[in-house]
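**Student:** What follows is each chain in one-letter form.
Number of protein chains: 2
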Amino acid sequence: MANPARPPRIAVLKYGGSSVADADRIRAVAAKVAARCQSGERIVVVVSAMGKTTNRLIDLAADVSGNSSGYKREMDMLMATGEQVSAALLAMALRDLGCDALSMNAYQIGMLTTDAYGGARIRDIDVGRIRRELDARGVVVATGFQGVAENGDLTTLGRGGSDTSAIAVAAALRCPCEIYSDVDGVYACDPRIIPDAKKLEYVTYEEMLEMASSGAKVLHSRGVEIADKQQVELYCGSTFSDERGTRIVKNLPEWLEHPVVTGVAVDTDQIKVNLRGLPEDVHLYTRVFNELAVRCINLDMITIVSEGGEAAVTFSVIRGDVGMVRPALEAALQGLSGWSMNVDGDVAKVSAIGVGMQAASGVAGRFFGALERARIDVLGATTSEIKIAVLVPRAQAQSAADALMTEFDRKVEK
Amino acid sequence: MANPARPPRIAVLKYGGSSVADADRIRAVAAKVAARCQSGERIVVVVSAMGKTTNRLIDLAADVSGNSSGYKREMDMLMATGEQVSAALLAMALRDLGCDALSMNAYQIGMLTTDAYGGARIRDIDVGRIRRELDARGVVVATGFQGVAENGDLTTLGRGGSDTSAIAVAAALRCPCEIYSDVDGVYACDPRIIPDAKKLEYVTYEEMLEMASSGAKVLHSRGVEIADKQQVELYCGSTFSDERGTRIVKNLPEWLEHPVVTGVAVDTDQIKVNLRGLPEDVHLYTRVFNELAVRCINLDMITIVSEGGEAAVTFSVIRGDVGMVRPALEAALQGLSGWSMNVDGDVAKVSAIGVGMQAASGVAGRFFGALERARIDVLGATTSEIKIAVLVPRAQAQSAADALMTEFDRKVEK
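Chains as they are written, first to last, in full-length UniProt numbering: chain A, 1 to 414; chain B, 1 to 414.
Worth flagging that the hints you see were computed from the coordinates, not collected in a lab. Treat the hints with care, as some may be off.
[Claimed, not checked] Each pair of labels, with its calculated beta carbon distance range:
id, chain 1, residue 1, chain 2, residue 2, range
1, A, P7, B, A31, 53 to 61 Å
2, B, R319, A, N55, 36 to 44 Å
3, A, C296, B, R123, 40 to 48 Å
A quick note: this is a predicted structure, and the numbers were derived from the prediction, not measured. Note that the Cβ used here is the ideal one computed from N, Cα and C, for glycine as well.
Input sequences plus hints: build the corresponding full structure.
**Tutor:** Encoded structure:
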């Protein structure tokens, strides 16, 4: 029994699309949530659309209009129905189990966003009604992924949007957030690349952010940023197994032996751009980077090598942005001749990430030594306080990750 | 070209579920609407959910919960997604045709209703945003069937809800309303019963209300009531044929030769209840009718026959209410003995309706004469100023309707 003298514990639980993909899974999720409610907790469930619903809606729109993806406002209106369906169904399943659940859409949870349709940012959450309903019923089911712009239009939050919704609601309620999916936690490396990667019991916000931006497909960085700023306790676990998942924390617990490297991320969505025959001129580099920046092209792995008055600039961009690179360079280098641009799509970025690097010495030596022994060709390298990243030929990405995982003891012991 | 000195004509066009059942039909509807916009009209389109969407959502809910139909609030949350999908898709199709269309859901069109989930009543419409968007764009696509209760919950308007939405929006905008479906107008009798029934060019609100409440499956009476009260010009036509449809008007035009009978309605959803062995006592009848009324059981075709101090009361109720009749009677007749109740489900109500009856004489004679020649057994009869209705054995309903249609010249001439 909950102690009436103590305010009841509140938690936000987020369930992804595969967790609510059909009627059986919805009932299974309801059983998990009901058990928590009945032990005295107050629960906000945040749900994604059922399984393949989002793709089905996209296909339907494409059937109607060849330009559908350009009608971002209407696409958001369409897509927002997906979470409303799963929220209503989960509320029904919870009521069957004796929980007085209520579904709530973006209007009802007061999820105010910008009007950047398809990729809106959360501006504010008015959790007044959530709090009232939680007090009255103990459980509400809220739609993830969607918000409402100031003019009343529905918006969606873009990739990783439901995680972001859940974390933002938890921040507003000042309670922990648990993210459930078909993956049972955060691994030291994507198990599809390194099958015997260790599962992490703890990872810091900072490491999660670096891993997300280094290509690891775990929690989306926007949600983690909010969790970090607003001090939301985060947990990632499996919907249907009882395996312990991963806690995302501000600082690793004192008693934990801190690893030097926490995880290794592989990003195959990178293109290397090589620019040759430039005069050695810092002002020129600035113009190049500015022209790329105004086009919102994110650069990574920048290296500048100059010799004998001639410079070569190398950087990587994400695959989707590569088409905008040449126009940017042409604008920046207008009037100059003799320069050439070379694009290499067969590259990957491999990064080792860990807050433990700050305290350890000799990490770079171990890192490059491991790659050398594995005969990896390093095409470029950058470092930050908690990360070392290299650009390698795509065909060597798996071997590079494997060498680093072994070197830094990130595999499960056999 | 529209005359800029004159305010542009506004119209509400409502398209039912079969009119937007798939991508092809949505594009075809868009073409019709776009042509109207491009000729200078401002158009509000009100849409139902696509074809079988509503049934699909009901099935999905039934898969999740055996009690789903009892969770009326959650069912409304679920069902309201159907119109949001079709509205967004139609807006996209319109944009492909050069119309700057915008979809709007119940929140955005300000459709305020009671919180009677599953059968909410419209309380108010704030058409401010519709007007602004119409001025800016010329066309908006609004969701039918759904509303928002004062607490922000989604509601649905029940049977015929999208017609009601469209007529209410037209009333708020003080403009005409055109209802499009797969039927090309209102017929003097359901063509599935009388295949050569005349299509009506005009019908009065009053006749439509009587026809709807007499079992004709045309416009739902709630919408017609609003149109009548708020003087909304109504038109019913086919989505995909250019056949002229039916105008629903306050008064038939002067130049039109008014028929005596406008239409014949057949209602097979009736049950006859016969109550015998009551003492002749008006106070007792009142108690019976009151007990039925508090249970919201609508009575029709009431006859009371008394002889030698003993009375028999006969009335009809709609099939779905029959289970509540005996408890009501037991409550009303508590302490009395010797009465018995008999239920006959094999009956139908056949009604002849026409504002022309008020001016014509000998209508009842023609009505019963026609039934007599067709050897119809009349089990009960009631009349109002514009209607004569009889209860007949269900097996004779078609013959009775046919006899009346012929007698009152309501069939297409061969």
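**Student:** For each hint, tell me whether it holds in the structure or not.
**Tutor:** Tested hints:
1. P7/A x A31/B: 53 to 61 Å: Holds - the Cβ-Cβ distance for P7/A and A31/B, about 59 Å, lies within 53 to 61 Å.
2. R319/B x N55/A: 36 to 44 Å: holds (43 Å)
3. C296/A x R123/B: 40 to 48 Å: holds (47 Å)
The structure is consistent with each of the numbered hints, conforming to all of them.
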